[in-house]
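Protein chains in written order, with this note's numbering: chain A, 1 to 211; chain B, 1 to 387; chain C, 1 to 595.
I should point out that these hints are in silico values taken from the structure, not numbers from a laboratory.
Misleading hints may appear alongside valid ones.
What the hints assert, rightly or not - Listed below are the simulated SDA-like cross-link pairs for lysine to any residue, each with C-alpha atoms no more than 25 angstroms apart in a straight line: (1) C:K237 - A:L65; (2) B:K190 - C:F334; (3) C:K520 - C:V433; (4) B:K89 - C:Y354; (5) C:K237 - B:F154; (6) C:K237 - B:L296.
Claimed, not checked - Footprint (simulated), chain B over chain C, 3 or more residues, beta carbon under 8 angstroms: (7) 69–82; (8) 142–148; (9) 299–306; (10) 451–458; (11) 476–487.
Each residue gets a CB set at the ideal place from its N, CA and C atoms; glycine is no exception.
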Amino acid sequence: MSTITLTRPARPTVTRSNVGVGLWVFMGVATALFTLFTAAYLMRMASSDWSSIALPWQLGLSTALLVAGSAAMQVAAAAAHRGRWPRARAWLLAGGACAAAFLGAQLWAWQALLEAHVLVSGNPAASFFYLLTAMHGLHVMGGLIAWSVTAHGAWPADRAEPALPRAAHAIGLCARYWHFLLAVWVVLLATLAGATPALVAWVCGPIGALR
Amino acid sequence: MAIAVALILIVAGSVLFHLASPWWTTPLASNWGSIDGMLQLTLLITGGFFVVLNAFLVWTLLRYRHRERGPNVVRSPGELHAAYRPDNKRLERMLIIGTAVGIAALLAPGLFVYAEYVRPPEGALVMEVLGQQWKWAYRFAGADGRFGGVDPRFVGASNPLGLDPKDAAGVDDLIVPGDEVHVPLGRPVKVLLRSNDVLHDFYVPPFRARMNIVPGTVTSFWFTPTVTGRFEVLCAQLCGVGHYNMRGFVVVDQPAAFDRWLAAQTTFAAVQHLATAVATATPANADPLVARGQALAQSKGCTACHTIDGSTGVGPTWKGLLGKTERFADGSSARLDANALRHDIREPAARVAQGFAPVMPKTELSDAELDALIAYIGAQGGAAASR
Amino acid sequence: MAQTLHADTALAHGAPHAPQSFLTRYVWSQDHKVIAVQYSCIAIFTGMVGLVLSDLMRLQLGFPGVFAFIDAARYYQFVTMHGMIMVIYLLTALFLGGFGNYLIPLMVGARDMVFPYLNMLSVWVFLLAVIVLMASFFAPGGPTGAGWTLYPPQVIMPGTPGHDWGIILMLVSLLIFIVATTMGGLNYVTTVLQLRCQGMTLMRMPLSVWGIFTATILALLAFPALFVSGVMLLLDKTLGSSFFMPAMVSLGQATGYRGGSPLLFQHLFWFFGHPEVYIIALPAFGVVSDLISVHARKAIFGYRMMVWAILAIGVLSVVVWAHHMFVSGMNLYFGFFFATTTLIIAVPTAIKVYNWLLTLWRGDIHLTVPMLFALAFICTFINGGLTGLFLGNVSVDIPLSGSYFVVAHFHMVMAVSPILVVFGGIYHWYPKVSGRMLNDTIGKWHFWITFLGTYAIYFPMHYLGIMGMPRRYYAYDGYQFIPPTAQSLNAFITIAALIVGVGQLLFIANLLWSWFHGAKADPNPWRAASLEWQTPQTPPAHLNWGDELPVVHRWAYAYSVPGAREDFIAQNAPPEDGGDEPEQAAPPRRKERAR
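The shape of chain A in the complex, shown without the other chains (with noise of 0.2 angstroms):
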């Protein structure tokens, strides 16, 4: 394609990306986002109805399967900036499919959860639950869209050929991404698991209470 000819300024080699800023700017979008269910959570617990679900066992293999994609991110971003292009593909398709993995077994983990009668509607910790959870895997499927961008430009049409410099950029902001997912999701189970209403009480406590 033809190019046009501008007057630019030269970049210097440490430059920051214009996808890159973006993505900087919407994972402060949803850090606030998830900031604000997660203190929406340990306000709704000074409630004197809150009662504690037990989370069930599928929240372990979830958790194992993000850290696995992550992992797997990060070695496909660290091939593909080497141009060790072979390499980079496998890993990204693994990194992709833990996040779909992912997904799943949160699917799996609702479900063990509605066998058991936890409902979204009657008991408040589950209400949360499910919408944390279900927050949480949205920001995932939107990750896997741009996910599948980047593999398709991952791949280009003479197999042979390495992918162009801006896929290996690609690839490390998904793998950028995937860590944050990470890093939310490791909150978000810290206080499901972790916050109760007598830690919220003990930290709220001198601001006094909601009502």
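Given the coordinates of chain A, assemble chains B and C onto it according to the supplied hints.
Then chains B and C, alone, in the frame of chain A:
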């Protein structure tokens, strides 16, 4: 220079409007004159800024508006009219400091007044207000000085406040089911606010103090009545279609009169006893049309104002309404058969029953729904009902 | 220095992919200028609906009971839809999606936004949000009537109009809108950070960009709070959870809810809701600074301080939210904190007002239509800002909360002032967007009707609030403490509102007529210095700058510089033309280096 003239007129007009305005605070009837004082102080400071800043603007416009020089102007490109003064650090610093001082002068006294607001005095008379869609009810602790427990699951026709019938502390609580409550002159009142349904707000403008009512919690505020009289209560938190119609009254009595009034109120135990007697006498609704009418009466909010047990609410009771000869505000009277009721429900503003306020809202009802409602009203008894 | 570039910038869809067909040029366009016009048209259309709703409300308030079709339920539906439409679908969309999209790339010297495809998606998602919202008018039960604040528990319970379908559609529409805003917001922030042309440091950007940029950051951080509360409310409604729903009865019927907190919703809502008003106000502040500067031929006074004030207001706006909740029943001791932060935020705001006045002082004030609107903004914003001091000071707020004083305050400061800036901005940039001038005579008529009319509506309204008239009342019959004169005042306000409402048709007519028949505009009719006026074509062509991106050598406010040939120096004029920003600006090493 129309804009400068307009600004002068706006400032002058605003000041004159303020001085001449018949619309100002209602006469104070409580101890919260300090709130009024803060209002005046704020008005003074902000009013001053308003006049000075706009005056500066007007002066600037008059002095620095763009002028061509003379009728045959030829401005050379080098002639510039505006000054070049992009900043002035010293001026900015002074403006910041001056503004901060003004703000502090407003905030500090305001917070002192608020500090009184958050701490009710010892020995205040405690009164509970219940807000519900769309009426008020009140409760006083009885001789034991303690309020009984409440929960929405106990709410019923005979127990609108939802008191726990098994709680011993509630047996002697004094229930004031109507819309009017009395308080004694000169004694601090701590108002406890509850709701079994939605958010409300107990607002009596002459008292100044008020607070939202949040279902699931008890909120409160306090005031000391300083003027005797009968004051209107308004709900000040949108609570549905009847929000503007949620009327009540607070009567400030001399202490002796208040004591007499309080002694005449019914205890919860007595209310329960009465309710049991009534319940055994009322037949169940077997007719599906009537049952539908009952459901509609609740979902459309009619029960907020119309009772079925003969007591007077915001509107006439439905007990015995169908077939009754009703007197209207304009002096006329008419027999309320089914068609008349239909008309009155469809056009509530057309005529108002004597002794009642013209506040009934128009309600969306299909013809079938209206039939069901009329059936339900008829089921509450009445002379020779014609269907 | 020249460098051929392939991808990684907004130009991937460059020369051979320049839009050819009508559909790709004007409908599925990725050009920020087209997207801006699309956003603006949709927003203005919803604004007209909101305006009609407000006139219907005023008919009932001014002439109670006369218009039989406005019953209590409908009235509350009008109130709610009016509020939500105006705040979210008109003002937020117009300032960020309309002004932001058009101005940011042009003012920073970029060819387009950094993610043009995402930008295109955002306007179509916005349109979807509007369609879902408008659908609630036709849903069974009609739109929700809980007030724009949508407070639970009443919002989803019988007794409130639209509690069945209306509220679901409203919440879904808001969630969709938040997705659209996030897509757009990512663009605006990243473009400002990444695509400024050579020489355009952050401290050389016009205040319009600073205002929109800061507002966008606020939006990206505050809308999640609305998202959180909206999703939880939707679940309470559709799946019976009890996030916000306490144990309660509803019109005599027991419900299954238990343990939820209505105050939790209010905290979340206002954590969004207060920054939201600054999301509207900050772009207005930025734009009006530019209008005043250009039309008074004078550099904005205290540019650095203006930037800091915008940032300070943005940061502080996050810690004042509970001043909307002073009488909500929350912990009373919070009142001390929030009253303090609220009054602190008055200081940077006042600085801005002083600086606007000081810009005009010793200026060369041309009373063009944009300048008239800017002056009216100053007057009404002074009024509206000062009444905020009543409400922010907690003890004064106690009797005024929920009264017409609040309604008058927020209309003056959120509706009147920013809308005056919207009009001023449109009159100012219309020649750039369309290549034609808006009709001046119609503009002046529109100005006078709007300015004087809105002042007549909202100034007296404060006094009704001081008297104790609550807001959101369908009627005031039978309340003895309200004198009959108050009803006369309500009637007067209604007449004024109807006149102002009809007067806006002049504006619409002017926009449409001038697009086809307006006088052809000079490329820089206001002789402005900022970069958007220096494009090779007017209206700017696709990719804005032709073959070469501009290089900037000075700030955007080089007006009436002593010794200069003309009374303005364009930002991209050669360095030897002078007009450098005051020396407190960025140290020399950052000004002209290659980035």
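_Proposed proximity, L65 of chain A with K237 of chain C (alpha carbon, max 25 angstroms)_ = 34 angstroms, violated
Taking beta carbons only, do three or more residues of the region 476–487 of chain C come closer than 8 angstroms to chain B?
holds (count 9)
Would the pair K237 of chain C and F154 of chain B pass a check requiring their Cα atoms to be no farther apart than 25 angstroms? 24 angstroms, holds
query: How does the coverage statement for the region 299–306 of chain C fare against chain B, requiring three or more residues with Cβ below 8 angstroms from a Cβ of that chain?
result: holds (count 7)
Is K237 of chain C close enough to L296 of chain B, meaning Cα to Cα at most 25 angstroms? 21 angstroms, holds
| message | Would the hint linking K89 of chain B and Y354 of chain C be met if the CA-CA limit is 25 angstroms? | response | 13 angstroms, holds
Taking 8 angstroms as the C-beta cutoff, is the stated coverage of the region 69–82 of chain C by chain B satisfied by three or more residues? With 4 residues in contact (Cβ-Cβ under 8 angstroms with chain B), the coverage given for the region 69–82 of chain C holds.
Verify the coverage statement for the region 142–148 of chain C against chain B, using a C-beta to C-beta distance below 8 angstroms and requiring 3 or more qualifying residues. Satisfied; 3 residues make the cut.
Restraint status (C-alpha distance of K520 of chain C to V433 of chain C at most 25 angstroms):
12 angstroms, holds
For this session: Mind checking the alpha carbons of K190 of chain B and F334 of chain C for me, to see if they're no more than 25 angstroms apart?
Result: 20 angstroms, holds
Exercise for review: Would you check chain B against the region 451–458 of chain C, counting CB to CB pairs closer than 8 angstroms, and say if three or more residues qualify?
Suggested key: holds (count 3)
Of the numbered hints given earlier, the model fails hint 1 alone.
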